[in-house]
Amino acid sequence: MIAYAIRRILVGIVLLLSMVLVVFVLFFASGNPAKSVCGKFCTPEKLTQVTKVYGYDQPITTQFGEFIQGLAVGRDYPVNDAYRAALEKSNPDLVIHCAAPCLGYSQHDAATVNADIAKYAPVTISIAVFAFIFWIFFGVFFGVLAAVFKGKWLDRILVGVTLVVYALPTFFVGTFLLQYVAIKWQLVPYPTYVSIADGGVGGWLVGLTLPALTLALFYMAAYVRITRAFVLESLSEDYIRTARAKGLTERVVLFKHGLRAALTPLLSMAGLDFAALLAGAVITESVFNYQGLGLLAVIANQNSDLPVLIGLVIVAGAAVIIMNILVDILYAFVDPRVRLR
Amino acid sequence: MAAPLLEVRDLVMHFPVKSRGVIARTVGHVKAVDGVSFTVEAGQSLGLVGESGCGKTTTGRLITRLQKPTSGQILFEGQDIAQAGPRVLKPLRREIQMIFQDPYTSLNPRQTVGEIVGAPLVIHKLVPASQRLARVQELLEVVGLNPEHYNRYPHEFSGGQRQRIGIARALTLQPKLLVADEPVSALDVSIQAQVINLMQDLQREFNIAFLFIAHDLSIVRHFCPEVAVMYLGKIVEKAPRDELYEHPKHPYTKALLSAVPNIEQAVLGGRRERIRLQGDVPSPINPPSGCRFRTRCWKAQDICATTEPPLQKVGAGADVAACHFPEQ
Amino acid sequence: MSRPFLSVANLAVHFPTSDGLVRATDGLSYTLERGKTLGIVGESGSGKSVSSSAILGLHRGTNAQVSGEIWFDGTDLLSLSDEDMRRRRGKDVAMIFQDPLSALHPYYRVGDQISEAYLAHNQVSKRVARARTIEMLDRVGIPQPDRRVDDYPHQFSGGMRQRVMIAMALINDPILLIADEPTTALDVTVQAQILDLLQELQREFNTALIMITHDLGVIAEIADDVLVMYAGRAVEYGATRDLMTQPAMPYTWGLIQSIPDVTRSVDLPLRPIPGNPPSLLNQPPGCAFFARCEYAQFVPGDRCATTLPDLLPLSDGHLKRCHLDHDLASYAVVETGAI
Numbered sequence: 001m002i003a004y005a006i007r008r009i010l011v012g013i014v015l016l017l018s019m020v021l022v023v024f025v026l027f028f029a030s031g032n033p034a035k036s037v038c039g040k041f042c043t044p045e046k047l048t049q050v051t052k053v054y055g056y057d058q059p060i061t062t063q064f065g066e067f068i069q070g071l072a073v074g075r076d077y078p079v080n081d082a083y084r085a086a087l088e089k090s091n092p093d094l095v096i097h098c099a100a101p102c103l104g105y106s107q108h109d110a111a112t113v114n115a116d117i118a119k120y121a122p123v124t125i126s127i128a129v130f131a132f133i134f135w136i137f138f139g140v141f142f143g144v145l146a147a148v149f150k151g152k153w154l155d156r157i158l159v160g161v162t163l164v165v166y167a168l169p170t171f172f173v174g175t176f177l178l179q180y181v182a183i184k185w186q187l188v189p190y191p192t193y194v195s196i197a198d199g200g201v202g203g204w205l206v207g208l209t210l211p212a213l214t215l216a217l218f219y220m221a222a223y224v225r226i227t228r229a230f231v232l233e234s235l236s237e238d239y240i241r242t243a244r245a246k247g248l249t250e251r252v253v254l255f256k257h258g259l260r261a262a263l264t265p266l267l268s269m270a271g272l273d274f275a276a277l278l279a280g281a282v283i284t285e286s287v288f289n290y291q292g293l294g295l296l297a298v299i300a301n302q303n304s305d306l307p308v309l310i311g312l313v314i315v316a317g318a319a320v321i322i323m324n325i326l327v328d329i330l331y332a333f334v335d336p337r338v339r340l341r
Numbered sequence: 001m002a003a004p005l006l007e008v009r010d011l012v013m014h015f016p017v018k019s020r021g022v023i024a025r026t027v028g029h030v031k032a033v034d035g036v037s038f039t040v041e042a043g044q045s046l047g048l049v050g051e052s053g054c055g056k057t058t059t060g061r062l063i064t065r066l067q068k069p070t071s072g073q074i075l076f077e078g079q080d081i082a083q084a085g086p087r088v089l090k091p092l093r094r095e096i097q098m099i100f101q102d103p104y105t106s107l108n109p110r111q112t113v114g115e116i117v118g119a120p121l122v123i124h125k126l127v128p129a130s131q132r133l134a135r136v137q138e139l140l141e142v143v144g145l146n147p148e149h150y151n152r153y154p155h156e157f158s159g160g161q162r163q164r165i166g167i168a169r170a171l172t173l174q175p176k177l178l179v180a181d182e183p184v185s186a187l188d189v190s191i192q193a194q195v196i197n198l199m200q201d202l203q204r205e206f207n208i209a210f211l212f213i214a215h216d217l218s219i220v221r222h223f224c225p226e227v228a229v230m231y232l233g234k235i236v237e238k239a240p241r242d243e244l245y246e247h248p249k250h251p252y253t254k255a256l257l258s259a260v261p262n263i264e265q266a267v268l269g270g271r272r273e274r275i276r277l278q279g280d281v282p283s284p285i286n287p288p289s290g291c292r293f294r295t296r297c298w299k300a301q302d303i304c305a306t307t308e309p310p311l312q313k314v315g316a317g318a319d320v321a322a323c324h325f326p327e328q
Numbered sequence: 001m002s003r004p005f006l007s008v009a010n011l012a013v014h015f016p017t018s019d020g021l022v023r024a025t026d027g028l029s030y031t032l033e034r035g036k037t038l039g040i041v042g043e044s045g046s047g048k049s050v051s052s053s054a055i056l057g058l059h060r061g062t063n064a065q066v067s068g069e070i071w072f073d074g075t076d077l078l079s080l081s082d083e084d085m086r087r088r089r090g091k092d093v094a095m096i097f098q099d100p101l102s103a104l105h106p107y108y109r110v111g112d113q114i115s116e117a118y119l120a121h122n123q124v125s126k127r128v129a130r131a132r133t134i135e136m137l138d139r140v141g142i143p144q145p146d147r148r149v150d151d152y153p154h155q156f157s158g159g160m161r162q163r164v165m166i167a168m169a170l171i172n173d174p175i176l177l178i179a180d181e182p183t184t185a186l187d188v189t190v191q192a193q194i195l196d197l198l199q200e201l202q203r204e205f206n207t208a209l210i211m212i213t214h215d216l217g218v219i220a221e222i223a224d225d226v227l228v229m230y231a232g233r234a235v236e237y238g239a240t241r242d243l244m245t246q247p248a249m250p251y252t253w254g255l256i257q258s259i260p261d262v263t264r265s266v267d268l269p270l271r272p273i274p275g276n277p278p279s280l281l282n283q284p285p286g287c288a289f290f291a292r293c294e295y296a297q298f299v300p301g302d303r304c305a306t307t308l309p310d311l312l313p314l315s316d317g318h319l320k321r322c323h324l325d326h327d328l329a330s331y332a333v334v335e336t337g338a339i
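If you read the sequences in order, they're chains A, B and C. Residue numbers for the first sequence follow my numbering, so the first one is 1 and each next one is one higher. Residue numbers for the second sequence follow my numbering, so the first one is 1 and each next one is one higher. Residue numbers for the third sequence follow my numbering, so the first one is 1 and each next one is one higher.
If you are wondering where the hints come from, they were derived from the structure by calculation, not from laboratory data. Treat the hints with caution; some may be incorrect.
What the hints assert, rightly or not - Heads up, simulated BS3-like pairs for lysine-lysine below, C-alpha to C-alpha not over 25 Å straight-line:
#1 B:K90 with B:K18
#2 A:K40 with C:K91
#3 C:K91 with C:K126
#4 C:K36 with A:K256
#5 A:K40 with A:K52
#6 B:K313 with B:K299
Said to hold, decoys possible - Quick partial rundown of chain C residues pointing at chain B, CB under 8 Å, derived from the structure:
#7 L197
#8 Q199
#9 H214
#10 D215
#11 V218
#12 A239
#13 S258
#14 V266
By construction, the Cβ of each residue, glycine as well, lies at the ideal position given by its N, Cα and C atoms.
With the hints as constraints, model all of the structure from the sequences given.
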């Protein structure tokens, strides 16, 4: 079991490194990155200088090595050793240390990418966690309900409603909730992000309600249908017939024998969906103007701020890989057949 | 004398078993097929029987070269194809075809019957496109299906009809050898006989040799004049049909035969000796030393644990068995 | 006269579907006494499993329409409430299924799955149930039962899994056991072990046994009576010896002749039944076997096509559903070489 976990983690690390390599190559495929840093009024002299200061004149292998080194032990900016040494004497405040895992330095924001991400991440994580809990709870609940009442009116209503909700675009739901629930009917205060430190858990929750709900509704609709399908499939298995033949009550048959097998595959889907959300929910964050990673990506894109974009892609990829490993390990706990492999 | 159509010598297939540690090492081998030899003459059929896990299906997959054997020779018309590469194998695929067990999963549900049966013609570029349909319809007719149904999909057919489609597909390239892996075990009793009779007619008409793999002793007996019995990766007995079924020499063959329920004897009395094997087949990863059957054999003695009995002639007929104490 | 131990009368199981009513079983009647074995033979779709599941009430809660009577040990099971039926299910009537791998829950230890059946009907502690489980595993011939009780189903071989199923079915000492193709997924030598075990346990507990199978050989070895089903109806019913030695209607002849027996002459070609079983939807009037029957020509007029034959007694306790004249039938048997 432990060997299995270690093997999964080792594979995860290899996967992560190859992902960083691919991202890095893509970064350089888009032309000389110094150009975007150099800005609109770029002269050839300035470009040469920028290229040198940021180390873009080094061979790509060296740059990749240094980037990996930065991820592992951290590094100092600017990259060019001679330039940094000079700067340290003249203006030591401008030398920035980027601690491991260093994702890079954004010239545009005059800050390390880590600092940028740290600033925007709490909003995204808060929304993701809130939405996740909401959608898993109601999605599975209504999904099981629909499966148990298959073909009855309750099932039809649930399936119909979820289809409509699933089809609604997120910006529509978000705008609707904002315009009506918050502004017109004033059922909740106008949504703004309040950190736990500022507003306590209550304020934090209230602030998150609408954006999280917007996000959760979409996933919830999908999960109602997926759960329903998994439960129905599980209930048609032979071992359910065996359980009934033993004379167990319907409740035990459903909850003990049916749900466990049905919900196991949901585990891996939920893990990956949650990981994907950690990269930022661009539309939801834009509609509510929440300063999350999605918005950071949009801003970085507008500014051609490549270091931030690279950092975001790596964080998003790492989230997926880590959740994947977590799900695999959890799976081994749930399904005894996996343990043997 | 000309070489036999198929000669298999010392065929071995070992699948590695990985450890469960952090770094997966090979800690052993599943000895699925462990030194199997036999010959099949043109137009003849050999039955390969045994229980699940005895290696009969793997043997079939090795001969059709769906898998590459660990060692040994597969001589097809004198040419060793055991380790041959794809370029050598491609023309040979026309000569050796396979019929699979499950007619429900072995046919692509998104292809029409005409596409399935005609695919080999396209791959091997044998018949011009204009004549392909005529050839497909001819084949459907041969296996007893309505030739007008070439553009229907597999799900529109019953199990028995699907197996006929599988047979038509195997016949498309006019093979010399058909490896039939449990061709009727997924079918209902009344349909099994239809398919068996069809295969027998085809064998006579086109002079096709069969390697007939099955767990059902009575069906093999009906189809094959010569039968080999496998146990844990080895052939334990090979004999002409009447010899094997009436005077089995190997204790395992005897036990296998006595386990088959038989209407006549059950109803009319005159029961044969009933032999009940105890326990399960041992693991093919660590098969017993010496004779592999000794752990379940009622005749086992010390020599059985130390010396592996060779497959040798027993009695007056052509019967060969691998046993230190064969039945007489 | 007292009622038989198990008496199924005019049982019908219909499934309404969007294509129409599927008559999986119709007008089925038979009886069974304690300690005896009834074999039900038929091909897939003949209704043999569906009708037997009705005894356990496994169609309750589905859209199946079940009608008729199932008198078991003095009660009509079909008139019981769902809760009363549940109390008898697994206790008085138990069932074993075809594929023990899919019939066992992959996530739970076999011991827990077996003792669950005991706990459902007995007010005992888990410890007592576990002891009883180990005792049952030992009884059905699983080596080292006290260790294997904590294993998962995938850690057992096919034969051992079926023994687990038998232990689970017999843990409450049922008086009726239904075995639905219990050996079809197993090898012959294992099949022989399992059949021996079932017969031994039946003698020990004086259980009534319904053996559902497509294999006439298995029936011949263990059944006292045989019921042959075709397209949802009984077509022949009688004592095993009578039915096997003097089969009385074309479908049974076909079944017997299409089996390649280990002792039958190989020079005789197999005589398959032509065609395919009919759809259970929109069944035509007349005999369901008519379309495949080679003997319909010997029946005067078009009775086979228009009138469903009744299940009528041929001799004492031997019934057949066929219009064919009995003398002609005997002649046909000799002619075709059925035993």
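| In ascending order, which of the hints set out earlier in this document are inconsistent with the structure? | Per hint list: 1, 2, 4, 7, 8, 12 violated.
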